[in-house]
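Residue numbers (this note's numbering), protein chains in the order written: chain A, 113 to 251; chain B, 113 to 251; chain C, 113 to 251; chain D, 113 to 251.
Zero decoy hints are in this set.
Within a straight-line C-alpha distance of at most 27 Å, the following computed DSSO-like cross-link-like pairs (lysine-lysine) qualify:
(1) K218(D) to K203(A)
(2) K221(B) to K203(A)
(3) K203(D) to K218(A)
(4) K203(B) to K218(C)
(5) K203(B) to K184(C)
Simulated from the structure, these hints should not be mistaken for lab results.
There are 4 protein chains.
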Amino acid sequence: MTSSLKMTREEMITFLQQEFPQYVGEVCEVEDQYSLLRLPINDSHLRPGGTVSGPTLMALADVALYVAILSKIGPVALAVTTDFTIHFLNKPRADRAIMAKASLLKLGKRLVIGEVNLYSEGEAESVAHVVATYSIPPR
Amino acid sequence: MTSSLKMTREEMITFLQQEFPQYVGEVCEVEDQYSLLRLPINDSHLRPGGTVSGPTLMALADVALYVAILSKIGPVALAVTTDFTIHFLNKPRADRAIMAKASLLKLGKRLVIGEVNLYSEGEAESVAHVVATYSIPPR
Amino acid sequence: MTSSLKMTREEMITFLQQEFPQYVGEVCEVEDQYSLLRLPINDSHLRPGGTVSGPTLMALADVALYVAILSKIGPVALAVTTDFTIHFLNKPRADRAIMAKASLLKLGKRLVIGEVNLYSEGEAESVAHVVATYSIPPR
Amino acid sequence: MTSSLKMTREEMITFLQQEFPQYVGEVCEVEDQYSLLRLPINDSHLRPGGTVSGPTLMALADVALYVAILSKIGPVALAVTTDFTIHFLNKPRADRAIMAKASLLKLGKRLVIGEVNLYSEGEAESVAHVVATYSIPPR
Chain A
113 MTSSLKMTRE EMITFLQQEF PQYVGEVCEV EDQYSLLRLP INDSHLRPGG TVSGPTLMAL
173 ADVALYVAIL SKIGPVALAV TTDFTIHFLN KPRADRAIMA KASLLKLGKR LVIGEVNLYS
233 EGEAESVAHV VATYSIPPR
Chain B
113 MTSSLKMTRE EMITFLQQEF PQYVGEVCEV EDQYSLLRLP INDSHLRPGG TVSGPTLMAL
173 ADVALYVAIL SKIGPVALAV TTDFTIHFLN KPRADRAIMA KASLLKLGKR LVIGEVNLYS
233 EGEAESVAHV VATYSIPPR
Chain C
113 MTSSLKMTRE EMITFLQQEF PQYVGEVCEV EDQYSLLRLP INDSHLRPGG TVSGPTLMAL
173 ADVALYVAIL SKIGPVALAV TTDFTIHFLN KPRADRAIMA KASLLKLGKR LVIGEVNLYS
233 EGEAESVAHV VATYSIPPR
Chain D
113 MTSSLKMTRE EMITFLQQEF PQYVGEVCEV EDQYSLLRLP INDSHLRPGG TVSGPTLMAL
173 ADVALYVAIL SKIGPVALAV TTDFTIHFLN KPRADRAIMA KASLLKLGKR LVIGEVNLYS
233 EGEAESVAHV VATYSIPPR
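Pulled out of the complex, with its shape left as it was, chain A reads as follows (with noise of 0.2 Å):
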């Protein structure tokens, strides 16, 4: 079976250490069928009651759809996000990192529709669910 991925993992973290240096997370996977992402949890990314902040899950999934994004139109485009809903699901632990799958609902020209599960690394049930469309400039 061919591989329709236009980028490696090794191209996508140099793309992205190059082009946002503000990324979060850790890209583990690049595969056909999804991304993963992890990011470790430190202090910063806590809220009262000691659980990861809502924001911190946001961001992950958005890089981890980006990555998704990229990995089959290549870094070239900018895919701009254009609606994001993220479903709160559990009480992600404080002391275990965040992983992001991430997978692709649809591929169109203009439009890439993608969902992600976001869970407490080692741990079976989600923390949240995001699905959330990209606009993809004309090439």
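Given the coordinates of chain A, assemble chains B, C and D onto it according to the supplied hints.
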């Protein structure tokens, strides 16, 4: 007309500083109909292309809604975001603060739903619109 | 002040009758800032507990946004819904018509984003809030 | 492995016929991990361009999630939709039934969150994706 506010702006600022040391934005107004927050933009908030990053807008909107809710139910309850939907409308200016005006659509006993209008300070058009739900623990 | 409307209420009704024979609701107002639709409620719209069903509200909101968009871009374009988020706020009355007031948050060349406030006729509080995106084919 | 189901497919059909005479779709499967519904398409479901209307998809997805929830909590409780987000992915076929496969992301005491994958019968690609929250009254 009687105010339905349970916290003044000053009480809100003191509460956030004690309980949410990582909160973002300045609390400008706490009114019956809305709460207004302001976030000065610096390089750490920008993404390539010189625009304010999506997660920065999401974090500010989340705090703005949190402030709007606490102003109505008081500082005791611990509201938890259950869903959060943002639509990005126009490119924010990199050289202006971002303003977030939050108002409540429904103030229920268990669920509170609100919306936020985000815009660059001094500009008429919105940069993003948020609608989100918060779960209120039994009192 | 010049109107930005490209269709009158009468033209809109004629267009809907020809092109969308299954559309729901009466077009009450087509204004620069909003479009207002009205749906009389009968037993076919009700669900157990004597309240208007969610899909009835969604269908009316979808038409209301469609009308608001067409009023700005004219009857030619075929707008397609790409995302649609509804929050249910209060129980609609079973004995009153449902009103849907739609306004646009952004009128772009490719994407249009709008919101709808739904309420029971004559009542002050909202029964539901919608935000949705429509994709406009290249003209 | 023990099933967590509180209603069989036959009990579900009987319940829906008694309590929701206006429900749409046939209940094909009620399983631990998902519920599957099927809606035969006729002219009343189509919109211009020969595609299934958005509200038709929304109504089917709402019932499919309702079935998935009742199968886990039993026929007593009255679940109420609080938010509902749909992304339209691909044009549905006008000559095939629409299938809705619903699964739960979180089954809480007060809130249940689920997602639905909608597709034309016999086709691999999705036509729409739904994520929604239901509020469960205190038991």
